[in-house]
Amino acid sequence: MQIILLKSKIHRATVTGGNVNYEGSLTIDGDLMDEAGLREYERILCGNMANGNRFETYVIRGRNGSGDIIMNGAVAHLGKKGDLLTIMNFGVFAEDEAKNWKPRVVLLGKGNQRELVKKKAAGKLPE
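If you're matching positions, the sequence shown starts at 12 in our numbering and goes up one per residue.
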């Protein structure tokens with residue numbers, strides 16, 4: 012049996028902009044993507060803490076060190092600059108991998124600066 016678990020999340024990401032006319036996606040600072048183990052075009056689920064909206068989209072890599080969290084396309088209607096997001100992605104794990112799995116959690120502070128990275132997982136991410 013395979014189990015879908017939280018692979019990683021970026022918590023308290025502040026939306027820095029939006030572009031309704033872009034094709035879609037969420038632009039994330041490349042350094043934050045690396046910290047969370049996200050890949051460009053990877054599917055994500057986001058929760059907007061300001062209004063309760065949840066939406067699914069994919070990641071576009073932003074400029075490293077920019078702090079950018081930009082809502083693009085249709086999802087730009089689901090939040091605004093200054094809103095706080097929780098950005099989550101999930102992985103498919105075999106039962107034996109899932110037993111000791113703990114996700115990577117990146118906690119952000121002011122200006123989308125990394126405050127803390129938690130990683131307590133045993134083993135590697137599945138390919």
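Treat the hints with caution; some may be incorrect.
As the list claims (entries may be wrong) - Simulated pairs of lysine-lysine, DSS-like, Cα-Cα distance not exceeding 25 Å:
1) Lys92 to Lys121
2) Lys91 to Lys121
3) Lys91 to Lys113
4) Lys110 to Lys129
Keep in mind the hints are simulated off the structure, nothing from the lab.
Comparing the hints with the structure gives:
no., hint, in the structure
1, Lys92 to Lys121, "14 Å, holds"
2, Lys91 to Lys121, "16 Å, holds"
3, Lys91 to Lys113, "31 Å, violated"
4, Lys110 to Lys129, "18 Å, holds"
In summary, the structure is inconsistent with hint 3 from the numbered list given earlier, while agreeing with all the others.
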